[in-house]
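Protein chains: 2
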Amino acid sequence: MNALVTGGAGFIGSHIVDTILHDPSSEVVIFDNLTSGRSSFVAAATRDRRCTFVPGDLLDANAVRRVVKDAAPDIVFHLAANPDIARGALEPTLDFQQTIVATFHVLEAMRLARSPRLVFTSGSGVYGDHPDVATAETFGPLLPISMYGASKLAAEAMISSYAHMYGLTAYIFRFANVVGARQTHGVAFDFIRKLRSDPRRLEILGDGHQSKSYIHVSDVVSAILFVLEKDSEPVNLYNVATDDYVTVRWIADRVRELMGLPDAQLIFTGGARGWSGDVPVVRFDLSKIHDLGWSARQSSRDAVRRSIGEMLSDPAGPRP
Amino acid sequence: MNALVTGGAGFIGSHIVDTILHDPSSEVVIFDNLTSGRSSFVAAATRDRRCTFVPGDLLDANAVRRVVKDAAPDIVFHLAANPDIARGALEPTLDFQQTIVATFHVLEAMRLARSPRLVFTSGSGVYGDHPDVATAETFGPLLPISMYGASKLAAEAMISSYAHMYGLTAYIFRFANVVGARQTHGVAFDFIRKLRSDPRRLEILGDGHQSKSYIHVSDVVSAILFVLEKDSEPVNLYNVATDDYVTVRWIADRVRELMGLPDAQLIFTGGARGWSGDVPVVRFDLSKIHDLGWSARQSSRDAVRRSIGEMLSDPAGPRP
Chain W
1 MNALVTGGAG FIGSHIVDTI LHDPSSEVVI FDNLTSGRSS FVAAATRDRR CTFVPGDLLD
61 ANAVRRVVKD AAPDIVFHLA ANPDIARGAL EPTLDFQQTI VATFHVLEAM RLARSPRLVF
121 TSGSGVYGDH PDVATAETFG PLLPISMYGA SKLAAEAMIS SYAHMYGLTA YIFRFANVVG
181 ARQTHGVAFD FIRKLRSDPR RLEILGDGHQ SKSYIHVSDV VSAILFVLEK DSEPVNLYNV
241 ATDDYVTVRW IADRVRELMG LPDAQLIFTG GARGWSGDVP VVRFDLSKIH DLGWSARQSS
301 RDAVRRSIGE MLSDPAGPRP
Chain A
321 MNALVTGGAG FIGSHIVDTI LHDPSSEVVI FDNLTSGRSS FVAAATRDRR CTFVPGDLLD
381 ANAVRRVVKD AAPDIVFHLA ANPDIARGAL EPTLDFQQTI VATFHVLEAM RLARSPRLVF
441 TSGSGVYGDH PDVATAETFG PLLPISMYGA SKLAAEAMIS SYAHMYGLTA YIFRFANVVG
501 ARQTHGVAFD FIRKLRSDPR RLEILGDGHQ SKSYIHVSDV VSAILFVLEK DSEPVNLYNV
561 ATDDYVTVRW IADRVRELMG LPDAQLIFTG GARGWSGDVP VVRFDLSKIH DLGWSARQSS
621 RDAVRRSIGE MLSDPAGPRP
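As they're listed, the protein sequences go chains W and A.
Residue numbers for the first sequence follow my numbering, so the first one is 1 and each next one is one higher.
Residue numbers for the second sequence follow my numbering, so the first one is 321 and each next one is one higher.
Just to be clear, a hint being listed does not mean it is correct.
In the DMTMM-like style, the derived pairs of lysine to aspartate or glutamate whose C-alpha atoms are separated by at most 25 Å in a straight line are [said to hold, decoys possible]:
1) A:LYS608 / W:ASP132
2) W:LYS230 / A:ASP449
3) A:LYS550 / W:ASP129
4) A:LYS389 / A:ASP343
Simulated from the structure, these hints should not be mistaken for lab results.
The shape of chain W in the complex, shown without the other chains:
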């Protein structure tokens, strides 16, 4: 494939880039402003002649048009977004700009260049707060409780309209929490950072009972490529998660254990939510992607444990 990856130097994006380059006939253009992505994440990839890094910002509509026109991709992986969910509650402009405005610029550039396929990484945040419901893709009403979730839903809506009006084929994935090497945010990431700063105590946002699915980035990449092969509706919408759920407290215990700090004191800030807009209990109905023939190879437990190991052994991992 000839791919353009926005946020291609970021956490999920850089794994997508690496995987695409495994196919010797593929080429990749990375478009990234390096605000959360890092050039080190794509250092190996960009040594390959088939991989080009174009520095640029999705808020610059002309730059986006230029890169889509020049790269003439047969598929765009649009992964760039604000990865700091909690910060979006304090600065709603962040998700508005980096997801809603940025996605509109990508869509307009694709419309003008007649690009045929788009992959978009959405998330469970579109569903809002439903602790008692395993939400399927058909769940409604969609009433997000954070700008992170709202901006993902807004982007989905625009993508759907472009798919129907302009003949784009769109793949929208509502992911669980993604973990693994190169992650730059997230609960275990924060815990490692905090314990490296002060090994005696660990502050936990909320009461620790938040219970969610954590999926390893390798399973995320596998799900995307699997669905790309198997489905081709105008809009292909899939939940992607694991079948098990772990609590924030359980993650804190694994981080303490794997860092050799079992006695670090846990200090809970209290309340069900980690931050305004946090959805404390997330449950997915995965029937649709299971029926298509895909399941995560790693459970939430495995994914979280593995990601803690990956972060701890990474010299560029979480730092105080």
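Fit chain A to the given chain W structure using the hints.
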């Protein structure tokens, strides 16, 4: 109530303004850039000291902040939007700016001024294209086929997140096609305009079988005020439509009849959709608002007939 009405000089907005002023204790500030609204629509209202007209554009974030801060409304009716649905397919930037960006500016201004209540006029376009389903508010997945529908869904999503994060109480109405005096767009409006230009023939976009609900603006105002009285969730989401449906062909016949031009030749452009993004068959499940105790007083048939009469007798009505 002390209300701010964006798009208050527009079709629905000006009727809301008139109704609010019936209550002698109410005050209204109209915020409108007069691109589709008209000062003549609020000429009577603005002669009342309790009504202030502030000219301004919702794309000017500072102007929006200023008017929300100065008016200090206890309720904002956010009605401003691009009323030309068909044009949005050719210029997607229009709905992006005038619904998505504009709504974000309203929400930010309300957050900063701690405004407590918001009314938003959404529409059936959020549901996408489902000719065989009477869509309830819980319908999913929401895959709009036009930027008009997508931008309404994007606005709903942002409003929901602000309601949950910042304590706003939000009222979101998914309306059928609204008709009545002062309408500036719409199918009957177009037919009158065309027949006034050439009384011998009438071009109809599509095959004329498009079948939708048409609700009179007086019923729209009544539904909004009814729900405001009866419900107070963080997000109050309601379909608002009539219980019957009429075809575009039926409307063409009524316009010919009421204009005294029964022999004007009907020329169909063909195809199920009137334009790219048009949803030809729209069906609502109205159980939620019926259960709350509200129903439209006028059927689609009555509403369309009445609106044709109102447009024909209006010296400022549809002109070639």
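How the hints compare with the structure:
1. A:LYS608 / W:ASP132: Given that 25 Å is the threshold and the Cα spacing comes to 22 Å, the pair holds.
2. W:LYS230 / A:ASP449: holds (24 Å)
3. A:LYS550 / W:ASP129: holds (24 Å)
4. A:LYS389 / A:ASP343: holds (23 Å)
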